[in-house]
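> As a plain string of letters, each chain reads:
Number of protein chains: 2
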Amino acid sequence: MIKSFFKIKNQCLKSNARRGRLKTEAGIVNTPCFMPVGTQATVKTLSSEDILSAKAEILLANAYHLYLRPGTRIIKKLGGLHKFMNWHKPILTDSGGYQVFSLAGLKKVSDEGVRFQSHIDGSYHMLTPEKVIEIESDLGADIIMPLDVCAHYPVSRDYAEVSLERTTVWAKRSKKEFKKRQKTGKYQQFLFGIVQGATFPELRKKAAQELVNLDFDGYSIGGLMVGEPTKLSHDILKTTLDNLPKDKPRYFMGLGTPLDILEAIKSGVDMFDCVMPTRYGRNGTALTSRGKVVVRNGAYKEENKSLDKNCGCFVCKNYSRAYLRHLFNTSEILGPRLVSYHNTYFYQEFTLKVRQAIENNQFEKFEKSFKKAYNSKNR
Amino acid sequence: MIKSFFKIKNQCLKSNARRGRLKTEAGIVNTPCFMPVGTQATVKTLSSEDILSAKAEILLANAYHLYLRPGTRIIKKLGGLHKFMNWHKPILTDSGGYQVFSLAGLKKVSDEGVRFQSHIDGSYHMLTPEKVIEIESDLGADIIMPLDVCAHYPVSRDYAEVSLERTTVWAKRSKKEFKKRQKTGKYQQFLFGIVQGATFPELRKKAAQELVNLDFDGYSIGGLMVGEPTKLSHDILKTTLDNLPKDKPRYFMGLGTPLDILEAIKSGVDMFDCVMPTRYGRNGTALTSRGKVVVRNGAYKEENKSLDKNCGCFVCKNYSRAYLRHLFNTSEILGPRLVSYHNTYFYQEFTLKVRQAIENNQFEKFEKSFKKAYNSKNR
Chain A
1307 MIKSFFKIKN
1317 QCLKSNARRG
1327 RLKTEAGIVN
1337 TPCFMPVGTQ
1347 ATVKTLSSED
1357 ILSAKAEILL
1367 ANAYHLYLRP
1377 GTRIIKKLGG
1387 LHKFMNWHKP
1397 ILTDSGGYQV
1407 FSLAGLKKVS
1417 DEGVRFQSHI
1427 DGSYHMLTPE
1437 KVIEIESDLG
1447 ADIIMPLDVC
1457 AHYPVSRDYA
1467 EVSLERTTVW
1477 AKRSKKEFKK
1487 RQKTGKYQQF
1497 LFGIVQGATF
1507 PELRKKAAQE
1517 LVNLDFDGYS
1527 IGGLMVGEPT
1537 KLSHDILKTT
1547 LDNLPKDKPR
1557 YFMGLGTPLD
1567 ILEAIKSGVD
1577 MFDCVMPTRY
1587 GRNGTALTSR
1597 GKVVVRNGAY
1607 KEENKSLDKN
1617 CGCFVCKNYS
1627 RAYLRHLFNT
1637 SEILGPRLVS
1647 YHNTYFYQEF
1657 TLKVRQAIEN
1667 NQFEKFEKSF
1677 KKAYNSKNR
Chain B
1307 MIKSFFKIKN
1317 QCLKSNARRG
1327 RLKTEAGIVN
1337 TPCFMPVGTQ
1347 ATVKTLSSED
1357 ILSAKAEILL
1367 ANAYHLYLRP
1377 GTRIIKKLGG
1387 LHKFMNWHKP
1397 ILTDSGGYQV
1407 FSLAGLKKVS
1417 DEGVRFQSHI
1427 DGSYHMLTPE
1437 KVIEIESDLG
1447 ADIIMPLDVC
1457 AHYPVSRDYA
1467 EVSLERTTVW
1477 AKRSKKEFKK
1487 RQKTGKYQQF
1497 LFGIVQGATF
1507 PELRKKAAQE
1517 LVNLDFDGYS
1527 IGGLMVGEPT
1537 KLSHDILKTT
1547 LDNLPKDKPR
1557 YFMGLGTPLD
1567 ILEAIKSGVD
1577 MFDCVMPTRY
1587 GRNGTALTSR
1597 GKVVVRNGAY
1607 KEENKSLDKN
1617 CGCFVCKNYS
1627 RAYLRHLFNT
1637 SEILGPRLVS
1647 YHNTYFYQEF
1657 TLKVRQAIEN
1667 NQFEKFEKSF
1677 KKAYNSKNR
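Each protein sequence line maps, in turn, to chains A and B.
Under the working numbering, the first residue of the first sequence carries the number 1307, and numbering increases by one thereafter.
Under the working numbering, the first residue of the second sequence carries the number 1307, and numbering increases by one thereafter.
Heads up, some of the hints might be wrong.
Heads up, the list lumps identical chains together, so a pair's fine if it works in one copy or across two of them.
Heads up, simulated PhoX-like pairs for lysine-lysine below, C-alpha to C-alpha not over 25 Å straight-line [said to hold, decoys possible]:
# : residue 1 : residue 2
1 : Lys1623   : Lys1361
2 : Lys1382   : Lys1615
3 : Lys1481   : Lys1329
4 : Lys1607   : Lys1382
5 : Lys1492   : Lys1607
6 : Lys1383   : Lys1611
Since the hints were made in silico from the structure, they are not lab data.
Please read all numbers here as calculations on a predicted model, not as lab measurements.
Kindly produce the complete structure, drawing on both the sequences and the hints.
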């Protein structure tokens, strides 16, 4: 039985950045952390062995996707998600609320839950807050998210308010179901509350306060940086964080570019996930200490340099840009795979350096030098 | 300077199977060997690190493909094919004669060579025997094939005879060009002669004898097992091998299933290559000690077993058939990759066991037990 799920080890003296750790049955996660996205129980193109060698300590999977395929029952029968995908470190499952609202066909939201058609075969399903907790309990992830209502940007205040009210009621029901299941469950899990409220500061404040009253293990920030102006994102983030307890982990869902992550860490966020490293990887864009390198670029046709001279991953140690370009040019699967690996490794190295900087009280200095190199044109 | 390119270490007492080794500047290859096919300087879905960990000692690449993309000049400039693809063990390059005849657009064969249109962009190219040797010298593979005329099955005797005459003349010109280049070349390379002659025993015999007179480092068997009846293949193979010197390596191009390879080893063949492990891998068919396992099969939906209980590869050690099926079912690239890896590893383990069996004078026993298991229905 884990008593101290989250612990802050160092607090930056000049910003709200903090260096902490999460403790779960599957292991320790050092924060700030970046979680590679393994939606369907695989981080696209990469094996669990790759994710381990890229130094990730936690990865993310999606309850909605896994519920539809291969089905929760099968994963449970085979010993849970960790065993299924051969990843024995911590896993966070997103409820898939976002996916229900963005991917599913005809959907009908009621107080009870969401009735929707599968985006795969059109079959009808009903997800309720309780059902989602059941799915995530069966999958056996270490950290789980409740079902929420995702309002896309832009949205009217009225709609945002109604969505938020429902999200809060669902959070309460999720917590109740979670408590019940934890009494008999095989795994000790941790449940987060998700702060919604679109771009309305007073709604975000209300959301945070109501969730805090319900006392979750951590707090996620949903529906932010989804297209609204940057200034507004920052204001909303500040309001949200101001209304969350300092001693609980904060998770910015779906963020982001290294620079966005750096900004959020400075504000006091601890956890991140994003499809960017692998999506960019599949499209042939490498993220490096000197910004983006578009591998297909004709300029790299004869380029013997690695993707990133400052990177120690096996791709940068062994393969030239010319070789990687050739792989993309000939539609060889190894291309997307190698660039996805590099990008995944790059994000892990990046958060590792952030943690070291906070420990050494040099976060500000690190931020400045990272930004300077990342924005340089000398690739 | 390597003096003894090929050496036979053990000769099976009950068949023509032999256990030998090839020695090249890039290293030793134990024979009988199976060469994973890396047509475009990558074994599809796999990295060079994977091929190494799957215990392959040599791989195959294709001069025609690499000449078109990324271009010989670029690979040469970047330090040769080994460095380009980060594979520092031996490489064999096929000339691409087969690809010119099967892939290229409009082509015109003359005494001089083949004029053809690229299958990629329609551009015009001329490959002559001398040009092909130049390309392969620039790529820097350890073992190289000359340009030949590939007659597809079925073919008339007249056509086969004319094609063969041309192939022999080209072999002579290739050898001449090869000798010239070896005097100044950076790498010590070994040139094989390719025995053609379609399904006509007397043509095969003539082809072998004429090539032997030209004294190549080894002999390839081309255009066999391309659709003709099995009995005929075996007769042709026997005639061909009977007319080749015992102390030179024999390479059966493009073969094959494990059972076909076993049969050819028994007849005295030393080297093999085939796209089967990776092509089957991409389509979700695993080759195992108990025959084919079609991963997509609904029967494996909840199957916790590995692909092959007798296999020690990381896929079999860590992943269930249910997980692999899920990956194919959700079109995740990791699926083709993991099954391709297993298949590649399986072929290497298979040839390793063949070599041990010949060493221990137990080839016949091994053949019998391998066949029995491979043909069993208990998967």
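> Would you list, in rising numerical order, the hints stated earlier that this structure does not obey?
Hint check: nothing fails, all pass.
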